[in-house]
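K.L.:
Line order of the protein sequences matches chains H and A.
By the numbering used here, the letter at position 207 of the first sequence is numbered 878, and the numbering carries on one by one without gaps.
By the numbering used here, the letter at position 61 of the second sequence is numbered 495, and the numbering carries on one by one without gaps.
Just so you know, the hints here were simulated from the structure itself, not pulled from any lab data.
Just to be clear, a hint being listed does not mean it is correct.
Derived DEER-like restraints, expressed as beta-carbon distance ranges [claimed, not checked]:
(1) H:N887 - A:A500: 21 to 31 Å
(2) H:L829 - A:E499: 51 to 61 Å
(3) A:S509 - H:E794: 33 to 43 Å
(4) H:R1019 - A:S509: 23 to 33 Å
(5) H:N887 - A:E447: 42 to 52 Å
Derived coverage of chain A by chain H (criterion: at least 3 residues anywhere in the stretch with Cβ under 8 Å from a Cβ of chain H; other residues may be distant) [to be verified]:
(6) 467 to 481
(7) 497 to 503
From chain H, some residues computed to sit far from chain A (all C-beta separations above 10 Å) [claimed, not checked]:
(8) F848
(9) L995
(10) E1008
Glycine included, C-beta positions come from ideal geometry on N, C-alpha and C.
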Amino acid sequence: METEFDHDPVAMILGLKDIRKAARNYETFSSNAPFRVPIPSEESLRSVRQFPIESDPPEHTEYREIVEPIFNRPNQPDYQKRITKIIEALVIPCMETDSFDAINDFALPLQSRALALLLNVPEEESELWIKWGVHVLREGDGSSKGREMEDYCKHAFLKSSEWGDDNLFSILNHASFQGRFLTDDEKLGFANLAFAGGRDTVINTLCVVLAHFADNNHDFVRLSEEPELINCAGEEFIRFATPLTHIGRKCPIDSDVHGVEVKANQLISLSWASANFDESVFLNPEIIKIDRKPNPHVAFGNGPHNCLGAPHARLLIRKFISVLIQKVSKVSLLACEPKIEKTKDYQRVNGYEHLKLCFFGK
Amino acid sequence: MAKVTYITPSGNEVVVEDAIGNLMEIAREYDVEGIEGACSGCCSCATCHVRVKPEWLDKTGRATEAEQDLIDLESDTDERSRLSCQVEMSEELDGLIVEVAPF
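Please work from the sequences and hints to get the whole structure.
P.N.:
If you want it as structure tokens, here you go:
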């Protein structure tokens, strides 16, 4: 399929098998495209190239290895206990009111506080991040907190030693790449991705889970009775939400992409959302099936650029479901307005503009 | 007590003497290189792909249908491919040897 973004033609790869192949073929479909890996382009929204995402192997591999210890922390048992406490601290106040806004009262603060844990900085820092909104670079009204976020990161690199030597900022300050220290722009590019990358995506997925439970109490009850399904349910919610609709790759030379002619340096799109609803792979893809197995979704991408934050996001969703089924007997929907992503040739629901809910405690 | 040996992509051997659970969980506990197990056994990721030594295939069995669907999407697989999250250790598998596939 061919469409248009930023007034340029963009060929979209849609099928699951084709996407998985393309995502691993970085020579034909390159990520060496500063500001252009996100679609639409973020050239006007940030001052630096994001790392490691906007690079190709072998440089990408070395960049990624710098931050992998931070992004693999969710595998530690102590980290998992701390995530649970963060979730509980937000669920309990919501249970004590008749109505709460799932985005601003719950999902946004949860995402930010959990990010502070991931980046290993004091949780108080997240109070400022919450004020940056759901999408730090591009809010629905066209505003951007991108500059403010970059200024914050520059300051954080200077003061990070006060937080110890194993937080994201300190690690980047001391990291070596190809035998040298990272440049200020490279460090800022890593931090920029850490704040922009897993933000609206996590928030949208949390809201999809809540809205599903409100509409499908039988699934909520089933998970309470069969908690061993939580991991599979988490994967299914992530597949269904696919909060990152697609990602860009640049063709370094003229290419034929499934019958669409792509000129050198033009973008193509890997449409994760389309692939995750590929009917040749997923039976009844429009239905959330909490015990779906196998579930070879690509919501976290695929291949060398597989989402760095995936362990954290998976843990967050799983522990979130786990806390909910322990504390809450029912989720009720009071009002909602889906968020519609509109482009020239298609539109899709991706999260919510507003989601008012009520929790009934156990 | 059942023993399992993982041969990692870089050629190292990791021997676990008292292996309990599935091969992915055991590998994660012993930090076996190349076994990520990102989806924790939901057949979503194939980051725990191993190849069973031919002489053990009769005992481990071949991939189940759900497992094979995912394996078919991966490159560099063959008839010995299994997702280690789907192989439960047992006394019958004492001495099992698997090769961890490069990711």
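K.L.:
Confirm or reject each hint.
P.N.:
Now for the hints, and whether the structure bears them out:
no.	hint	verdict
1	H:N887 - A:A500: 21 to 31 Å	24 Å, holds
2	H:L829 - A:E499: 51 to 61 Å	56 Å, holds
3	A:S509 - H:E794: 33 to 43 Å	42 Å, holds
4	H:R1019 - A:S509: 23 to 33 Å	29 Å, holds
5	H:N887 - A:E447: 42 to 52 Å	48 Å, holds
6	467 to 481	holds (count 9)
7	497 to 503	holds (count 3)
8	F848	22 Å, holds
9	L995	19 Å, holds
10	E1008	30 Å, holds
The structure is consistent with each of the numbered hints, conforming to all of them.
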